[in-house]
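Dock chain B against chain A, hints included.
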Amino acid sequence: MNALSPDRQGNMAGAKSHDLKLRDLSKKYDQHGEEYAVHDMNLDVVKGEFVSFLGPSGSGKTTTLMMIAGFESLTSGDIEIDGRSIAGFPPEKRNIGMVFQNYALFPKMTVANNIGFPLKMRGISGNERTQAVERLLNLVDLPGYGHRYPRQLSGGQQQRVALARALVFGPNILLLDEPMGALDRKLREQLQMELKKLQRSLGITTIYVTHDQEEAMVLSDRIVIMDQGKVQQVGTPSEVYYQPANSFAAKFLGVANMIAGEVVRESRAGGIGKAAVAGAELHFYSANAVPKGAKVDLFLRPECIALDGHGDGADKLEGKIESAIFVGEATRVTVRLSDGTLMNVTNSNSSGFVEFAVGNDVTLSWDRGRALALTG
Amino acid sequence: MTAALFYPLSLMVWRSFSDPELGFQHYLRLAEQPVYLRITLTTLEVSAIVTLACLLIGYPVAYAASNRGPRMRLILLATVMMPFWTSLLVRTYAFMVILGQGGPFTSLFDILAWQEPPRLIYNRFGAILGMIYVMLPFMVMTIFAVTSEIDANYRKAARSLGAGPWRAFTDVYLPQSYPGITGGVLLVFIVSIGFYVTPALLGGRKETFIAQVIQLNVQEIINWGFAAGLAVVLLIVTMTLLLVYDRLLGHESVMRPRGVGSE
Numbered sequence: 000m001n002a003l004s005p006d007r008q009g010n011m012a013g014a015k016s017h018d019l020k021l022r023d024l025s026k027k028y029d030q031h032g033e034e035y036a037v038h039d040m041n042l043d044v045v046k047g048e049f050v051s052f053l054g055p056s057g058s059g060k061t062t063t064l065m066m067i068a069g070f071e072s073l074t075s076g077d078i079e080i081d082g083r084s085i086a087g088f089p090p091e092k093r094n095i096g097m098v099f100q101n102y103a104l105f106p107k108m109t110v111a112n113n114i115g116f117p118l119k120m121r122g123i124s125g126n127e128r129t130q131a132v133e134r135l136l137n138l139v140d141l142p143g144y145g146h147r148y149p150r151q152l153s154g155g156q157q158q159r160v161a162l163a164r165a166l167v168f169g170p171n172i173l174l175l176d177e178p179m180g181a182l183d184r185k186l187r188e189q190l191q192m193e194l195k196k197l198q199r200s201l202g203i204t205t206i207y208v209t210h211d212q213e214e215a216m217v218l219s220d221r222i223v224i225m226d227q228g229k230v231q232q233v234g235t236p237s238e239v240y241y242q243p244a245n246s247f248a249a250k251f252l253g254v255a256n257m258i259a260g261e262v263v264r265e266s267r268a269g270g271i272g273k274a275a276v277a278g279a280e281l282h283f284y285s286a287n288a289v290p291k292g293a294k295v296d297l298f299l300r301p302e303c304i305a306l307d308g309h310g311d312g313a314d315k316l317e318g319k320i321e322s323a324i325f326v327g328e329a330t331r332v333t334v335r336l337s338d339g340t341l342m343n344v345t346n347s348n349s350s351g352f353v354e355f356a357v358g359n360d361v362t363l364s365w366d367r368g369r370a371l372a373l374t375g
Numbered sequence: 000m001t002a003a004l005f006y007p008l009s010l011m012v013w014r015s016f017s018d019p020e021l022g023f024q025h026y027l028r029l030a031e032q033p034v035y036l037r038i039t040l041t042t043l044e045v046s047a048i049v050t051l052a053c054l055l056i057g058y059p060v061a062y063a064a065s066n067r068g069p070r071m072r073l074i075l076l077a078t079v080m081m082p083f084w085t086s087l088l089v090r091t092y093a094f095m096v097i098l099g100q101g102g103p104f105t106s107l108f109d110i111l112a113w114q115e116p117p118r119l120i121y122n123r124f125g126a127i128l129g130m131i132y133v134m135l136p137f138m139v140m141t142i143f144a145v146t147s148e149i150d151a152n153y154r155k156a157a158r159s160l161g162a163g164p165w166r167a168f169t170d171v172y173l174p175q176s177y178p179g180i181t182g183g184v185l186l187v188f189i190v191s192i193g194f195y196v197t198p199a200l201l202g203g204r205k206e207t208f209i210a211q212v213i214q215l216n217v218q219e220i221i222n223w224g225f226a227a228g229l230a231v232v233l234l235i236v237t238m239t240l241l242l243v244y245d246r247l248l249g250h251e252s253v254m255r256p257r258g259v260g261s262e
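Keeping their order, the protein sequence lines are chains A and B. All the letters of the first sequence, read from the start, carry residue numbers 0 to 375 under numbering that gives the first Met the number 0. All the letters of the second sequence, read from the start, carry residue numbers 0 to 262 under numbering that gives the first Met the number 0.
Only chain A is shown next, with the shape it has when bound in the complex (with noise of 0.2 Å):
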């Protein structure tokens, strides 16, 4: 792994991407136990890709990326990059950029130093240093603050700081571990705009660990849910939102819309199938084959439902108003249906406010296929 040889050459966006593998990656904290923090881990992230694992604590997402790391071992599987593995390395021989919770700047260092501190272990000194870490304050929009402690600086500064000192070395792939979230909010889209144009334009593939399902959507080329040790679902932000694989990947990303009912005309996979739903025969779409009397859930996105809606051959379910609350752009609409199921609407006002009065009857409607039959 010749990881320095783009940072000697002053050219750190020109530094050559890497491909991360993993292979049937599982972690045990207990041997013999059954209990895996991660489990068959397999995930093939392309060079210069931008890959965020997404889910609650304990879903395995940053075990996973302490393994990467080498801070955790494996169970069984492997961790490759561009084809070899890289399992067997302590962290120090990975050449893997890492910025940590919290930062982890090294208090007693000057900015300077901390930046300075990989290219130090890397015997590389004096002005060929100094040069470095002054290119790097500056891809982080950090001239001059090399003479600070990292306590001198704010949250967004200092995480700015772990960046650089983590790019500095030019390493072979990037990870953060939720490296937002001590940042108020309006900070936090900010410096996502900057991480994503960074990432871009050196062209590093990077893994981020987050909880945060938007910064995932924002941040990402592809985003990997994961719950209890598990990948749930990979795929574009698009793809895991409009079509989840499962239930759990339909809640955990914005708000989904969940009818229980039970398939009356079965669907081969990529099909449209029929179920009755709260006393109303609806289609659906199936990724997976579903046979007849199978029990599903109908996924629906609230933006994806019209209230009153027209169009012929539209499916259509009855309700009342629980709910409308204006937000501006939309009004959110909730409408209780004759079984009882609440269903939460985004009612656009992109052409105008429309008024909706609570306990009136209301008909919800959507495109034929829309709703997505969700069997996990």
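Don't read these hints as lab results, they were simulated from the structure. Note that this is a predicted model, so its numbers are computed, not measured. There are no misleading hints in this set.
25 Å max Cα-Cα, derived SDA-like pairs, lysine to any residue: (1) Lys-107(A) to Asp-150(B); (2) Lys-107(A) to Leu-241(B); (3) Lys-107(A) to Leu-242(B); (4) Lys-92(A) to Leu-173(B); (5) Lys-107(A) to Trp-165(B); (6) Lys-27(A) to Met-71(B); (7) Lys-107(A) to Pro-178(B); (8) Lys-107(A) to Val-243(B); (9) Lys-107(A) to Leu-173(B); (10) Lys-119(A) to Gln-175(B); (11) Lys-119(A) to Ile-149(B); (12) Lys-92(A) to Phe-168(B); (13) Lys-107(A) to Gln-175(B); (14) Lys-107(A) to Leu-54(B); (15) Lys-92(A) to Trp-165(B); (16) Lys-107(A) to Tyr-244(B); (17) Lys-107(A) to Leu-248(B); (18) Lys-119(A) to Phe-168(B); (19) Lys-92(A) to Asn-66(B); (20) Lys-119(A) to Gly-163(B); (21) Lys-27(A) to Asn-66(B); (22) Lys-107(A) to Gly-163(B); (23) Lys-107(A) to Met-140(B); (24) Lys-119(A) to Ala-151(B); (25) Lys-107(A) to Tyr-58(B); (26) Lys-107(A) to Ile-149(B); (27) Lys-119(A) to Thr-169(B); (28) Lys-107(A) to Val-145(B); (29) Lys-107(A) to Ala-144(B); (30) Lys-250(A) to Ala-305(A); (31) Lys-92(A) to Thr-169(B); (32) Lys-92(A) to Arg-67(B); (33) Lys-27(A) to Ala-151(B); (34) Lys-107(A) to Ser-147(B); (35) Lys-119(A) to Tyr-153(B).
This is chain B only, laid out in the frame that chain A set:
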């Protein structure tokens, strides 16, 4: 509070100049007789050795207690603290039994028939060993108070940035533990200088500490003025050393609040 501390101190300083009559006679005597210089040097030397030994033994213990999991922490801290709950005098006598003639150590030498068993007490070795035993918990607890607060992520960060385990320790962990080392060294050294019981019981005649001479003058010779003079000298020596130590260690000192003056 300051007044309560300052009053007896100033009384002592005054007495060293005024008891039994006004003048510098006690200090002249201290300067003229080389025995007092020797005693002072012995006190400082033994205290320094004890402090260094406590640091070398105590740091790894505090490190392990901070980094090797909650069970290790419990075992180590309990072991270190246990002697604390016994009286100093009892512990010192116990040492006399263990190390003295006919004790387990000399018996072991007899069985192995290896010449004369070496003398383990009533000499410098005995005094130092006994003092280390008494002072170690202070060192461990002072360092542990600092090292237990050092986030494990710092070392992980160092490792991910290319530092091997040893460099991660020396370049990142160790500097963060300096306040603990500074505090522990100060505490152990200053308490050691004032030691009385342990060197008296476990040391030989050559290991006389200043505190022993003070006690002799207060209780037996009844020369309070001279005792006060000795105490003042001890105080000045200690404070001088403190100042030198503070200079050498710069901003890591206990005399200035942490983080101030280092910019």
